[in-house]
Amino acid sequence: METILQHAQALVYSLLCLMPSADQKASLKALLGLFLDAQGHALPAHTCVKSPSALSRFLNHYRWSTRQVIRTTRQAILQQIATHLPHAKIPIRILIDLTTLEKSGKFRQLSTPTSDPDHPDPWVRFLNGKRGLHLVVLYLVVGEWRVPWSFRVWRGKGYASPAQLGCKLLATVPQSLLKGRVVLVQADTEFGTVEFLNAVRQRSWRLVVGLRSNRTLQDGRCLKDLYRHAKRGLQVVLKDIDYPLTVSWFWLKRADNKRELRFVASTYPYSGAYLVQLGRERWAIEGFFKTAKHQFGLHCFGQSTQLGVYRWLILSLIAYLLAHWIDQWSLPSVLDWKIASRLAVETLLPSIVWFQLLKQIRRSTDIAAQYGFEITLKSLPDPAYWERCKI
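Be aware that the sequence shown starts at 333, since it is given in our numbering, and climbs by one per residue.
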């Protein structure tokens, strides 16, 4: 289990080495500590290490390689998984889904197309009655490991659809991770297009995807016609494809206590009952979305540039990974994101804990004075080590 901690420590060290100055190293630590606070409201004003304006400059203007941060993180992920691979019979699951980071403020540079090459297209859009940033996310499940591997921003009509973005995300999964293993792709009805089905099948992966009840079969019937006249696990051929799919269905209970008939299909001949079970397992990614938003502040961005927003999302997901790794390292696993996040800060970013302690002491000087005590704080002589504590 020590290797898990070593990989987490090595990742933090590698990311800090990518920052060209001590000031940017301090900003990176501050942001990771902010996300690992696990309160769900990762606001720059809450950090005790850097000012909000310094963090804004770090995200929106400073020249550090975002791509290199992504590459370094992915290399660390692959090294981590390689040392803890599950049994060869356990499939690697690829979950793809669309999530919305709802926003209600003004994001003019993100909401309207401009001629500025840094802002070539809109990001904040309306979809299904929700205004915000819409992300198509690819999420890996490898044994006990949960990895948000990649994402793309849906830009609205006239741009790539969620299913087309999903096809691009499939190409980002490294073949070295999948070699010799069963790969199971699970997705919602949004991705039940012919293009997405073909993209998965061309890779010889197994697909479990939701289908709308009005999808037409080659014989002219609709999927909903199968509910009363066929058994689950039937093989059918959809219109515009030339290979069979195994189809099953189940009743989904909605929040208003009403039931909705859902169909799920697979390119592999699973039994009807097991196919339903696999279809329900897709909801695991919804739990990740909830955790990433409400524990690690994925939706709390307020940057004015696309680069700033993109960096915010990347660092938030890295913070999630660090907490997940630390949770796996602790024995027994704490199974609580707040506790795991706090443990990650204490283990990987102890200077953040030190600054928080000093800030708390500074706030408590009046209380100490009431009892006849005097607290005097002196900064350390090395500014680079001190990293501009704001107390």
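Possibly wrong hints are sitting among the right ones.
Simulated pairs of lysine to aspartate or glutamate, EDC-like, Cα-Cα distance not exceeding 16 Å [unchecked claim]:
#1 Lys421 <-> Glu476
#2 Lys556 <-> Glu527
#3 Lys571 <-> Glu592
#4 Lys500 <-> Glu476
#5 Lys571 <-> Glu618
#6 Lys622 <-> Asp668
#7 Lys625 <-> Glu434
#8 Lys462 <-> Glu434
#9 Lys590 <-> Asp557
#10 Lys556 <-> Glu592
#11 Lys622 <-> Asp355
#12 Lys571 <-> Asp551
Keep in mind the hints are simulated off the structure, nothing from the lab.
Taking 16 Å as the top limit, are the C-alpha atoms of Lys622 and Asp668 close enough? holds, 14 Å
Given pair status - Glu618, Lys571, alpha carbons within 16 Å: violated, 30 Å
Proposed proximity, Glu434 with Lys625 (alpha carbon, max 16 Å): holds, 10 Å
For the pair supplied as a hint, Lys556 and Glu592, is the alpha-carbon distance within the 16 Å limit? holds, 12 Å
Holds or violated: Lys462 and Glu434, Cα atoms, limit 16 Å. holds, 7 Å
Does the structure keep Lys556 and Glu527 at a Cα separation of 16 Å or less? violated, 22 Å
Next pair to validate is Lys622 with Asp355; report whether the Cα-Cα distance is within 16 Å. violated, 32 Å
Can the restraint linking Lys571 and Glu592 be considered satisfied, given a maximum Cα separation of 16 Å? Measuring from Cα to Cα gives roughly 24 Å; hence the hint is violated.
Lys421 and Glu476: Cα distance at most 16 Å? Holds: Lys421 and Glu476 sit about 14 Å apart, inside 16 Å.
For the pair we were handed, Lys500 and Glu476, check the Cα-Cα distance against 16 Å. Roughly 26 Å separates the two Cα atoms, so the pair is violated.
Given the proposed pairing of Lys590 with Asp557, does the C-alpha separation stay at or below 16 Å? violated, 21 Å
Decide if the proposed pair is consistent with the structure: Lys571 and Asp551, CA atoms, cutoff 16 Å inclusive. holds, 8 Å
The earlier numbered hints that this structure contradicts are 2, 3, 4, 5, 9 and 11.
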